[in-house]
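*Asks:* Listed below are the residues making up each chain.
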Amino acid sequence: MANFTLKVNGTTHQVEVEDDTPLLWVLRDHLNLVGTKFSCGIAQCGACTVHVNGNATFSCVTPVSSIGNSEVTTIEGLSKEGDHPVQKAWDEVDVAQCGYCQSGQIMTAASFLEQNPSPTLEEIDNAMNRNICRCGTYHKIREAVALAAKTK
Amino acid sequence: MTMKTQTGTSRRDFLKIAGTTAGGLVIGFNWFSCDSPKMEVLSIEQVLAQAKSFNSFLSISPTGDVVIFSPNPELGQNIKTSFPMVVAEELEADWAKVRVAQANLDPEKYERQLTGGSGAMPHSWERLRKAGATAKAVLTQAAAQTWKVPVSELIVSKGMISHEGSGKKGHFGEFVAVAATLTAPEEVTLKDKKDFTIIGTPVKNVDAKDIYTGKPMYGLDFQREGMQYAMVQRAPFGMKLVSVDDSAARAVAGVTNVVTFGSSVAVVGTSTWPLLKAKKLLKINYEPDGAVESTADHDRLFTELLASGKAEVKRKDGNVAAAFKTAAKVVTAEYQCPFLAHSPMEPENFFAHVQGDKVELVGPTQTPDRARQETAALLGIPPENVSVAITRLGGGFGRRLRADYVVEAVEVSRAIKAPVKVTWSREDELTGGAYRPAVRYRFEAALDANGTMTGYKLRGVGMNAGNTTREGNFPSGAVDHLLIESVEHASTITTNAWRAPITNFLAYAEQSFLDEVALAAGKDPVDFRMELLNRAKTNPVGELGYDVDRMIGVVKMAKEKSNWGKNPTIKQGFSVYFSHKSYVAQVADIDIQGGAPTLKKITAVTDCGLVVNPTGANHQVRGGIVDGMGHAMYTNLTFEAGVPKQRNFDTYRLIRLKEVPEIDTHFVDSGFDPTGLGEPALPPTGGAIANAIFAATGRRLRSQPFIEQKEFSDLQLQIKRG
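Chains as they are written, first to last, in my numbering: chain A, 1 to 152; chain B, 1 to 722.
Keep in mind that a hint or two might mislead.
Stated by the list, open to error - Calculated pairs, SDA-like style, for lysine to any residue (alpha carbon to alpha carbon, straight line, at most 20 angstroms):
(1) B:Lys658 / A:Thr120
(2) B:Lys209 / A:Gln115
(3) B:Lys204 / A:Glu81
(4) B:Lys720 / A:Asn126
I should point out that these hints are in silico values taken from the structure, not numbers from a laboratory.
Make a model of the complete structure from these sequences and hints.
*Replies:* Here it is in structure tokens:
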């Protein structure tokens, strides 16, 4: 076990875990931030996506020991009132079916639009292809990202 | 036209109106709250604290806030939004003042509290309407009594009751106290469908805000003070446990216990990550406990059983042998699909706390009552001693119809004498599943000299399927001489319903085969189907399990909406299927201009009766098509010695965003009450795509997944994202 000081959603947290513990499980089991989801555990589906220094990151394969001083942002910290342009677009388009993958989708989209504020549809497709939605809400995801880009 | 109807007032639908506050009805609100997006509006807890319980479906507070309970598990089919819409419509509620709460399992109050078979809305449609209408009737009666005016002079709209003559006006909440002293009427009047103001409008998902802000709402999110975590290693299919060496697993920091029950070994600890590591360190010896099967065994079995297996005759019309003997042409083909896992994004999990002869269960289940019954049976306690709180489900697809993963959590809690949440990894989900079994079909068709299908034979070989066919379905009734048989293999691999059971592959096989027959008959695929449907309509053979007019309705509209056959550079594939009481026709378009064939669009025409929520309906149709396309194109699960070879999403390939074409959806206004929609859009998709691929390239795909077939390997099919 080792002690880690983590900056998550603007707050500093102390956790004592094994240093190979993925950030995902630190967030979910130790910091009670369960908006970040577990699904595949091998960086294939994107349900666990968080921002590490603004970059969309698969938290399921990111050891806590690699975080250091980086700023971690989870879905709970994306906006104070749930009114980030991407969250608003998701609501406007009414994207979710079961909803389980959507926090990961939103985090991927938010990071992508930060880096590419006026994307083409092709670029949106390439960015969002890393997240799986088993319900098949892909058309709505694409529509919501395009809407968020327009209203940002 | 308004409709007078008996309320059928029974204890089940309408508990007595008076009295009890509803605060105790729903356990777990503290963490399953559906807080209103507007801060000034009361929370559910506040509403409930003041509310009178009108019946099983709703509570109304003195402030006029309405809480509608949604009894059925929500897994993405949008029932938690669409059920309350129906209640609110007949209640004449102001949707802005409606809050929705997931009800816990309560067999005393709710019938059919499960999610499966696309059956919730068809089953509950009238019950929900009556619930709303009854509450409205009681409230208006209370207003009439209070104001001393005739009830017939009152107008109810958007949660307000008004009386024009006296100018009096008040919201529902003002009449709750008086209403609570009244008796429910035995007859209520339901609204004319043309007057609906909520039903038929795109009402947003009631959980949207919580989903998009990451609120705890799924089973995997549940936590309880003092709760332990556990993961379970299950035996390969057909094997049983002999011995366990758990010394290395126990040595992992954070692991507190290892317990064995049956052939399963559970590692228990204080958080999830140590368990993922420790489970891999278990050294378990197994021995055979029945047939240990591999995919190669299944392929051999299919061939044997098709040739000589003992078949159960499901339907026999006319004289099939004679029809084939005198046929001008005979068409024969075999179709096969692989096993599939359900792979909901949220893996299986459940919380269980066994305390003496009482059990508390919390988690994602499609069948809460089954979870309760199986738990009670395991522990030998009365079912009433088991409580089940239903969380939101991160998908289901049929996997959570089973209660195996619930009972497992109960086993672990009993063994460690503590509350526990059992979590499955993705590898557990793919290897310890309850799969859609592989199946093989052989079709034979006899054509006469005019190209009329006079004989039809279908023989299906399935595993643990019960019946691999749908003998009442089209083309039954349209063919003079017909034989449908099913052969069964009892497999040691656990199988289970998977979204649109049986039809998820049978529809593809049948609709592809009918395309082959149309080609042999020299007829356009749509004309050929219409010829059969007209025969079934004018002079049906035997019993029909489907409504011919509704099927003709979707075929005609799909032909029109897809511009069938009108564009020479677009090659099209047609498919139509009836399942879960609904009718869906689909046309896939492949553009052959330029280099590679390009799948551009799927047009879908659905007759699901009245569309309750257009947003939800579009979701179900598009989602069903994406699901049907993804699994037809890409997904395979093969077994080696009782263990699946595909263990995670790196090899078990699910469809992604860039692989989805435009989907153009249309709904037929057939005037019927709502029929199923969670499943019916899936079955036709594989056939539409396969038929379009044939039209564009001359390659006939008779096995799934397409990408693994040699006929597909050099096609270089492109998908134009829609």
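*Asks:* Take the hints in turn and mark each one as holding or not.
*Replies:* Each hint tested on the structure:
About 14 angstroms separates the Cα atoms of lysine 658 (chain B) and threonine 120 (chain A), which keeps this hinted pair within 20 angstroms; it holds. Taken as a hint, the lysine 209 (chain B) and glutamine 115 (chain A) pair is broken in the structure, with Cα atoms around 25 angstroms apart against an allowance of 20 angstroms. For the proposed pair lysine 204 (chain B) and glutamate 81 (chain A), the alpha carbon gap of about 19 angstroms is at most 20 angstroms, so the pair holds. Under the criterion of a C-alpha separation no larger than 20 angstroms, the hint pairing lysine 720 (chain B) with asparagine 126 (chain A) is consistent with the structure, at around 13 angstroms.
Violated hint for the displayed structure: number 2, the only one.
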